[in-house]
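*Asks:* Each chain, written out:
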Amino acid sequence: MLLFRSEEEIRQWCGQAGENYGEVLALAKVWDLAQLWYRPRMAPAYRGRTTQEAEQIFSQVGLVSSFWKF
Amino acid sequence: MTEAIELTDQDWRIRLFIYQFFVDNERPPSIQETAGQFSLSENSALEAYRRLNQRHQIFLAPETGQILMAHPLSALPTLYRVAVNGRNLWANCAWDSLGIPAMLDADVEIEARHPLSDEVIHYAVKNRELVGPPHRVHFALPARRWYDDLVHT
Chain A
5 MLLFRSEEEI RQWCGQAGEN YGEVLALAKV WDLAQLWYRP RMAPAYRGRT
55 TQEAEQIFSQ VGLVSSFWKF
Chain B
61 MTEAIELTDQ DWRIRLFIYQ FFVDNERPPS IQETAGQFSL SENSALEAYR
111 RLNQRHQIFL APETGQILMA HPLSALPTLY RVAVNGRNLW ANCAWDSLGI
161 PAMLDADVEI EARHPLSDEV IHYAVKNREL VGPPHRVHFA LPARRWYDDL
211 VHT
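Each protein sequence line maps, in turn, to chains A and B.
Quick note: the first sequence uses the working numbering, first residue 5, plus one each step.
Quick note: the second sequence uses the working numbering, first residue 61, plus one each step.
These are computed hints drawn from the structure, not numbers from a lab.
Values in this document were obtained by computation on a predicted structure and should not be read as measured data.
Glycine included, C-beta positions come from ideal geometry on N, C-alpha and C.
Wrong hints could be hidden among the right ones.
From the derived model, a few chain B residues whose C-beta atoms are all more than 10 Å from chain A [said to hold, decoys possible]:
#1 97
#2 100
#3 106
#4 116
#5 135
#6 141
#7 144
#8 145
#9 148
#10 178
#11 199
Result set (SDA-like, lysine to any residue): computed pairs, CA atoms no more than 20 Å apart in a straight line [as the list claims (entries may be wrong)]:
#12 A:33 x A:71
#13 A:73 x B:115
#14 A:73 x B:203
Only chain A is shown next, with the shape it has when bound in the complex (with noise of 0.2 Å):
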């Protein structure tokens, strides 16, 4: 998951590595995604997490397509 400045610029980045355009997220929503998906991650009672809770976290930040279903 890299950083660019501009959608154009993720255009320009995938036809020059061969990449699928896939999604883009504003760096906002990735902070509140990376909130949620990381803040337990250190916590000693953590257990990992099933396809089901992972998709839960996507859902809660709008992210609802299949691009985010495992």
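Mind docking chain B on chain A? Use the hints.
*Replies:* Frame of chain A; chain B shown alone:
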């Protein structure tokens, strides 16, 4: 997120030790360091590493068994350097660069490199608020393919 491999309580304690060591020392522990911490043989420590790897809790170099990643942390330099509490940590990707302040609940300064121009981009998290440019993060692969090739992802 794979659930086929059963981890023991000790495996989970080893996992937590790996993360804490990684944050404190800016690198993951070696197999020998983990074995010493838990009074295990190196072979037993390596077996625990491999179980954690199979459960996607850490990611190992296949040949050596050394830890390459414990998300969001990278053992190798990347495009994303995160300064936190007087230490410098490498994040695996742009998402993980924000995973470090989330995981540590700490203020950070992030120095990213632009993939096309190598230009330096600065952003930060202060008091749980993102401070930075309105940039975009590219997710090339759908979630179901993230574990096919993690270095690529």
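*Asks:* Each of the hints needs a verdict: does it hold here or not?
*Replies:* Evaluated hints:
1. 97: 16 Å, holds
2. 100: Given a closest Cβ separation of 20 Å, the condition holds.
3. 106: Since the minimum Cβ distance to chain A is about 20 Å, residue 106 (chain B) lies beyond 10 Å and the statement holds.
4. 116: 8 Å, violated
5. 135: It holds; residue 135 (chain B) is separated from chain A by about 16 Å at its closest Cβ, greater than 10 Å.
6. 141: 13 Å, holds
7. 144: About 13 Å separates residue 144 (chain B) from the closest Cβ of chain A, which puts it past 10 Å; holds.
8. 145: 13 Å, holds
9. 148: 18 Å, holds
10. 178: 12 Å, holds
11. 199: 5 Å, violated
12. A:33 x A:71: Distance of about 16 Å is within 20 Å: holds.
13. A:73 x B:115: 18 Å, holds
14. A:73 x B:203: Measuring from Cα to Cα gives roughly 6 Å; hence the hint holds.
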